[in-house]
Amino acid sequence: MNAKKELQVSAIENGTVIDHIPAEYLFQVINILGLDNCNNSVTFGNNLESKLLGKKAIIKIADKFFEDDEINKISLIAPHAKLNIIRNYQVVEKKIVESPDKVIGIAKCMNPKCITNVEAVTTRFKVIEKTPITLKCHYCEKITDHKHIEII
Amino acid sequence: MDNKSLVSIDDYTKEEILEVLARAAEFEKNPNCNLLEGKVVASLFFEPSTRTRLSFETAISRMGGKIVGFTDSSSSSVTKGETLKDTTKMVSNYCDLVVMRHPIEGSARYASEVSDVPVINAGDGANQHPTQTMLDLYSIFKTQGTLENLNIFMVGDLKYGRTVHSLLMAMSHFNPTFHFIAPKELEIPLAYKIFMNKNNIKYHEHTEFNDIINDADILYMTRVQRERFADPLEYEKVKNVYILKNDMLENTRDNLRILHPLPRVNEIAVDVDENPKAYYFQQALNGVYARQAIIAKALDL
Numbered sequence: 001m002n003a004k005k006e007l008q009v010s011a012i013e014n015g016t017v018i019d020h021i022p023a024e025y026l027f028q029v030i031n032i033l034g035l036d037n038c039n040n041s042v043t044f045g046n047n048l049e050s051k052l053l054g055k056k057a058i059i060k061i062a063d064k065f066f067e068d069d070e071i072n073k074i075s076l077i078a079p080h081a082k083l084n085i086i087r088n089y090q091v092v093e094k095k096i097v098e099s100p101d102k103v104i105g106i107a108k109c110m111n112p113k114c115i116t117n118v119e120a121v122t123t124r125f126k127v128i129e130k131t132p133i134t135l136k137c138h139y140c141e142k143i144t145d146h147k148h149i150e151i152i
Numbered sequence: 001m002d003n004k005s006l007v008s009i010d011d012y013t014k015e016e017i018l019e020v021l022a023r024a025a026e027f028e029k030n031p032n033c034n035l036l037e038g039k040v041v042a043s044l045f046f047e048p049s050t051r052t053r054l055s056f057e058t059a060i061s062r063m064g065g066k067i068v069g070f071t072d073s074s075s076s077s078v079t080k081g082e083t084l085k086d087t088t089k090m091v092s093n094y095c096d097l098v099v100m101r102h103p104i105e106g107s108a109r110y111a112s113e114v115s116d117v118p119v120i121n122a123g124d125g126a127n128q129h130p131t132q133t134m135l136d137l138y139s140i141f142k143t144q145g146t147l148e149n150l151n152i153f154m155v156g157d158l159k160y161g162r163t164v165h166s167l168l169m170a171m172s173h174f175n176p177t178f179h180f181i182a183p184k185e186l187e188i189p190l191a192y193k194i195f196m197n198k199n200n201i202k203y204h205e206h207t208e209f210n211d212i213i214n215d216a217d218i219l220y221m222t223r224v225q226r227e228r229f230a231d232p233l234e235y236e237k238v239k240n241v242y243i244l245k246n247d248m249l250e251n252t253r254d255n256l257r258i259l260h261p262l263p264r265v266n267e268i269a270v271d272v273d274e275n276p277k278a279y280y281f282q283q284a285l286n287g288v289y290a291r292q293a294i295i296a297k298a299l300d301l
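For the protein sequence lines, the chains are A and B, in the order given.
FYI, my numbering numbers position 46 of the first sequence as 46, with every residue one higher than the one before it.
FYI, my numbering numbers position 119 of the second sequence as 119, with every residue one higher than the one before it.
Just chain B, same shape as in the assembly (with noise of 0.2 Å):
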């Protein structure tokens, strides 16, 4: 297994995430490099995911490197049955680096102890998204001068979001104060109130999307799927509560920021747009910092 891999954000300890936050914010300064050159890295998508995808090759491009791999698993040998493990030996035999997406949980850690170089998870199913998690912590960073005592409002599908439950990991170094706002099919798995109550985190629940946001620093919104819902009837019910609409913003503190994996469907209102409280388009771009710091720091430049 090569410690190099980002697989979970757990892999980062707290100085460790500081560490690559600063460096995103030196290739904020200056993105175009040649670090990469000479290097080939694999981009491996076993699913689509054309956002990801593109931040990973926009950060490698500018960094001076040169990219093989497939886009989704049907242009792969995956449709002749070649397992994961084979085509990961394989490919990184080729290569100095992998990024991976891939829709099994749990393949990530797997492919970074069969590889022979560092592993990047850009996605294992519903497990785990790092690179996701260091574009947000970033942001959060940026926007608010510090990681340290926040209060950090999550709202929507707390129970599926990989983003939500890494962003809480990631969060926990710093002294948070989560307050969890989503309907009772969606609230926050157990195993994350374990972790909380652990580590003592302070955390709050709700199913009211109301004026509790004023006391918010950094609100993350996550979309509410239909297809999470067993009964549609109960998805009927909940699926207009869970969204952000301007005039909610009113009495909500300078610093708050909006923050949003996307894509986004409905759950913020277009009018929040221009709010220069909405944060998220500059997220995204933040993504593609945030990965070249990872990808410097996996291969040690």
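Chain A extracted, bound-state conformation (with noise of 0.2 Å):
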């Protein structure tokens, strides 16, 4: 967060800040992370200016604190997404989303033939490509494309 310029969305007190949200993502990152039946006061900027991705999102969400396997769900539509943690207005951690190597549990895999949508299988992917986010089933060897992304 830069503090000389003026915010595009109003900074919060406590809680986390999720920038660098590729702009067409945005509400599939909201529906996600559940934010659409979340109690906690949620603000979202959608195609702000940003250099890295042309058009960005940023959602800021009072006084809530991620897990690591939640912010592992956004990897896979948002790779590029900056986690901030403010206390007191200041941001006190930085995480960085870093798309897995291996994805287990997470993602439905997108083939209706596909046994892990058969019968009771954990399903386990192997990241192929980083950006966009592309991934190969263990068991049916199909590819589920970023688009197709589905979270269990």
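These are computed hints drawn from the structure, not numbers from a lab.
With a Cα cut of at most 27 Å, we get these calculated DSS-like pairs of lysine-lysine:
(1) B:89 / A:108
(2) A:130 / B:202
(3) B:184 / A:113
(4) A:126 / B:85
(5) B:85 / A:142
(6) B:184 / A:136
(7) B:89 / B:66
Quick one: dock chain against chain with the hints and give me the complex.
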């Protein structure tokens, strides 16, 4: 957060700022994190200027601190997202969301004929491309691309 | 998970592929042996596949093994709602090796993880059929004397044809040049193009089936199936384009061999059968030797 510039989304006292979300995935990130059913105050901005992404989105969630596996889920669609942990209006910690090499039990295989969609099998994927994130199913070996990633 | 299983052709390294091919050649010289004496092999065919099943059962019988199992899921407890996990766990208690054919993709990998004995995948839906690939490789090796630096032409349904995909992956160890001849609707999937680009494998795509095959060492024919087309009109347009006729072979290389995973419908004209370059029937017989070698490797025999 750049204090010299006017903030495009108001500051929060405590909580988490998720920055550098690709603009087109803002609402998917909101869905994945369950922010549509969250009682905390959530503010967001979309289509903001970004040197890195062109257009980006930013979400600020007051009084919410995410667990690592929750962050993992975001990385599938927003691999460059950065988390700023805010306490008393100050950034006390920055986290970079990095794509994992393997995705286990988080995403659904898009192949309806895959065993993971037929029997109770934990899904397992290899990340074969990091940008845009592309998953290869360990079982049916089919590709699930970033547009079709569905979070379980 | 048992690492002796063969689920996907990627489970074999280049060295293992060559080792199995050399073993297959030994089995071709002496097909009858007693390596499997005292062993029980479960042959679980959750969907019928007469050709593959008979080939496996011949391989097992020639090695002196006993076979238990079923030939389609209507005669198994699947009809009572048993999961694949439970069926596999139960059967793997009884036997030394599982040979499995299943319509669901990824079922063989999953079975290999829950089974206590090695699993050989005899086809999991549209995914993998590695023993077919090994017999294709054995056929190429036998007819060309090498697997290295060959011009491989693949014709027909390159989108859904799993034999095409697995052969492509396996041949990638041996510096091939691929030519893909298919209608736009059935072109080779993006995932394989990404794979070939990453591994610097040369490939060319064509929609016309003509004298470009004159450069081929191997012509791998597949069936263009009506049910793959959403629009029946599109099928009518292409159904007769990808048919191999004897006169097309006139200026092809002497070492060219024509392969087809079979069954054939009309994509190879009957007059090709008499051409010495036609190899698809011998190819099927090679399957028995390739499977003997795969079984021996899975059981460390």
